[in-house]
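Could you slot chain R onto chain A? The hints should help.
Number of protein chains: 2
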Amino acid sequence: MRADIIIRDCMIITMGNAGLIENGLIAVKDGLLVYVGRSVEAPSFEADVIINGGGKIAMPGLINCHTHAAMSLFRGIAEDKPLDVWLREAIWPLESKLRSEDVYYGALLSCLEMIKSGTTCFSDMYFYEDSVAKAALEAGLRCVLSSGIIEAGHKTLGRILLNEAVGLARKYHGAYEGRVSVMLGPHAVYSCSPELLRRVSDEAERLNVGVHIHLAESEVNSDNIKKNYGKSEVKVLGDVGLLRPSLLAAHCIHLSDEDIALLAKHNVKVAYNPVSNMKLASGIPRIKDLLDAGITVGLGTDGPASNNSLDMFDTMKIAALLQKIKYSNPRVLPAKKVIEMATIDGARALGLDGLVGSLEVGKRADLILLDAHKPHLTPLHDVYAALVYSARGSDVDTVIIDGKIIMEKRNVKTLNEDEVMRRAEEKAHDLLSRKNTVRRLARKILRV
Amino acid sequence: MRADIIIRDCMIITMGNAGLIENGLIAVKDGLLVYVGRSVEAPSFEADVIINGGGKIAMPGLINCHTHAAMSLFRGIAEDKPLDVWLREAIWPLESKLRSEDVYYGALLSCLEMIKSGTTCFSDMYFYEDSVAKAALEAGLRCVLSSGIIEAGHKTLGRILLNEAVGLARKYHGAYEGRVSVMLGPHAVYSCSPELLRRVSDEAERLNVGVHIHLAESEVNSDNIKKNYGKSEVKVLGDVGLLRPSLLAAHCIHLSDEDIALLAKHNVKVAYNPVSNMKLASGIPRIKDLLDAGITVGLGTDGPASNNSLDMFDTMKIAALLQKIKYSNPRVLPAKKVIEMATIDGARALGLDGLVGSLEVGKRADLILLDAHKPHLTPLHDVYAALVYSARGSDVDTVIIDGKIIMEKRNVKTLNEDEVMRRAEEKAHDLLSRKNTVRRLARKILRV
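Going down the list, the protein sequences come from chains A and R.
Per this note's numbering, numbering through the first sequence is continuous, rising by one, with the last residue being 449.
Per this note's numbering, numbering through the second sequence is continuous, rising by one, with the last residue being 449.
These are calculated hints, taken from the structure and not from any lab test.
There could be a bad hint or two in this list.
Intra- or inter-copy, both count: the list cannot distinguish identical chains.
Claimed, not checked - With a straight-line cut-off of 20 Å between C-alpha atoms, the simulated DMTMM-like cross-links for lysine to aspartate or glutamate are:
(1) K232 <-> E196
(2) K338 <-> D81
(3) K289 <-> D81
(4) K337 <-> E409
(5) K232 <-> E220
(6) K337 <-> D354
(7) K410 <-> D372
(8) K405 <-> D240
(9) K405 <-> D5
Chain A with its partners taken away, still in its complex shape (with noise of 0.2 Å):
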């Protein structure tokens, strides 16, 4: 049979039926996997390029279920603050001041790391997501992009964004095979009134496309949306029409169990992403709760600003960690099931677990090769829990996304690496030198 790529002699999770298999071959045509399975009962392959997999575990790539991708150029700006103080006296300012090719290159530079660490697709929340698109076309990634929508008092504000949210669905949902698809994404509760959240819910129905909303992250803001509309955010959601299975909400850590019920009464899917919880101190979500409950939980990064890296197999790592130590029990959270929340989990909470999330034939071939000849990743008595705890970002080798190779030996074939991080550097130091107001805060929160 011909096929485009085949691996060959490699140990496949799939992540799917199949389970593990210790040695495999995989087989890559026209985008997508038409073989996956044990190397003695493939059919005999011909193909253009063959990958020797031998000392190498394959595995569905990665799915960052909530990031912002752009952030990258604030990395490190503003360490050590809760999430009030630095949405309101570090980020935001300088967010007024982003012009759409700060964006571009943000992007582009995240994209440049999350190939380099595996993530294979990634859901974004942002401005100018057209540059995020731009970015995300250019690496090869798969994306879902959700244009931020942020009102904060001011209804014209929220009008425009809406509109432009709602271009951006209708330029891209879909597009490329389906490698890129759009939500629309409101910021939170506490930052667009309900009535706005109202025309966002009715467009997307229009559209057919999901929201994506910050969701219950910091205490001090559901707080005040219990005292401003005496209920809590998820029933603000339930007064609005947004609770529906095509809803993903970011952080979901201030819930009740009465919100935890509603949440999976009505299918909505969560992105938990601890490192930024933990690193803003914002709380921990009940995410075995949750999982009890019945709810998809994906993982997520957060933005760069607020983590400070991309990679997932660092989140992973924290993801287990901290669930087990918020139960007092290690038994919570074991190893597979959080590569189901990385891979598959992710792909359903992003309505995507039709086309990637598992190493299955008829799915379209987003997948990653990680060299497991390391000192850290020896011995292997246990695949999974290696993947969750030893491994790091470093260790890919080979990322396959929509059935090209993105990277191979760590070189990404997409990018010119040295140039994506002088660009964004650049940016970065523009952006923090960008008229005097911002001149004077940035250099505030630098210290200098």
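For chain R alone, coordinates are given in the frame of chain A:
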């Protein structure tokens, strides 16, 4: 001036009085740092080896204050278990079958992993520590060896192990110009009787060596001590005379305010092991309170079977995150303090701050160079934050220990990497299949 090695044009994180040097020069001669300062102020050096530090960050080698290096052989064999079950059902039965050669190859594998992730000094507690010494010396690492002393009701066993520990101290303490030092390693208050602990205390004083112990790691054990002795573990140590500046207490999770005051009064040193504490769900130590009480806290990975990694960059990140969430305060444990804990404070905890822990003239040359030209380290707005939150062990390019280049461009010069991995793997599999009783147990653990 003559030097053996000079490193030019690097950013230097000295962790000493000079702070951060943007463009610096480091000169090494006869194992010592002979210049650490700004390039423009440096005298003219001639050197056998000249390293171009452009785009690199130089910092003190990382100090791992608490590990059990040979446990790399057990990495992944007993996942998702609480400490007491993990020890009783999985680890102790396997350890009872350990041979000196297993420990040598397990330790050698860990030495390789430590070098490749920037650790230059480790403090180990285990059995057959002479094999760990052999491995560390071969690898070129600096080490503090604690021969494990455990009694668990068998007085003869305690006596034999104490004698062994004393023998190790006589043989190795201060050897190789201080590259090897020794502590006595009573396992824990719950596994050693007060009589044995008193003898350990006396021997340590006679030999003028430190004592390394697990303290208040498990709540169950701490509670049992309180029930059986009518006092806390810390007070038991006080009674037997072990509270002293040269006591290194690992974990210190279940402490009262009174315990903390006692540790501070006696200038006891603490090793904080955030990953292991989370993975085994042992609890979260009150590191902020320990620091506020003036206690020196170093960082440890704990053994590779409860982490499952020896990457101190990973440990630094999680160390900071865990305290921020513990105290619901993102300002707790800022990045620079975490780096202090992994360098100069670690050196203090091991009684080695006169030798290493900072890059200052007169200290032994233990240092690492990180390649900062990576997407996840771009832009470099805050180098301390980048090292803690964004860097990984794989960013370490060069490792120098005691003035010798141990790793260059990620090639370890002292060890044959393939051979070390192969032999350790063999030993691990041999150990699991050794004798029927062990095999049955291993099968149960591995669920095969």
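How would you classify K338 and D81 at a CA-CA limit of 20 Å: within, between, both, or neither? Between copies only: 12 Å across, 31 Å inside.
Have a look at K337 and E409 and pick one of within, between, both or neither, based on CA distance no larger than 20 Å. neither (26 Å within a copy, 36 Å between copies)
Taking 20 Å as the upper bound on the Cα-Cα distance, should K405 and D240 be classified as within, between, both, or neither? neither (44 Å within a copy, 67 Å between copies)
Given a CA cutoff of 20 Å, do K405 and D5 count as a within-copy pair, a between-copy pair, both, or neither? This pair counts as within: shortest intra-copy Cα distance 9 Å, inter-copy 48 Å.
Alpha-carbon proximity between K232 and E196, which holds within one copy, between copies, both or neither at 20 Å: within (16 Å within a copy, 61 Å between copies)
Pop the pair K232 and E220 into one bin, within, between, both or neither, using alpha-carbon distances up to 20 Å. So K232 and E220 pass the 20 Å test inside one copy only (14 Å; across, 39 Å).
Treating 20 Å as the Cα threshold, decide for K410 and D372: within, between, both or neither. both (9 Å within a copy, 18 Å between copies)
Between copies, within a copy, both or neither: which fits K289 and D81 at Cα up to 20 Å? Cα proximity of K289 and D81: across copies only (14 Å, versus 28 Å in one copy).
Alpha-carbon proximity context of K337 and D354, limit 20 Å: Answer is within; shortest intra-copy Cα gap is 18 Å, inter-copy 42 Å.
The structure fails to meet hints 4 and 8 from the earlier list, while all remaining hints are met.
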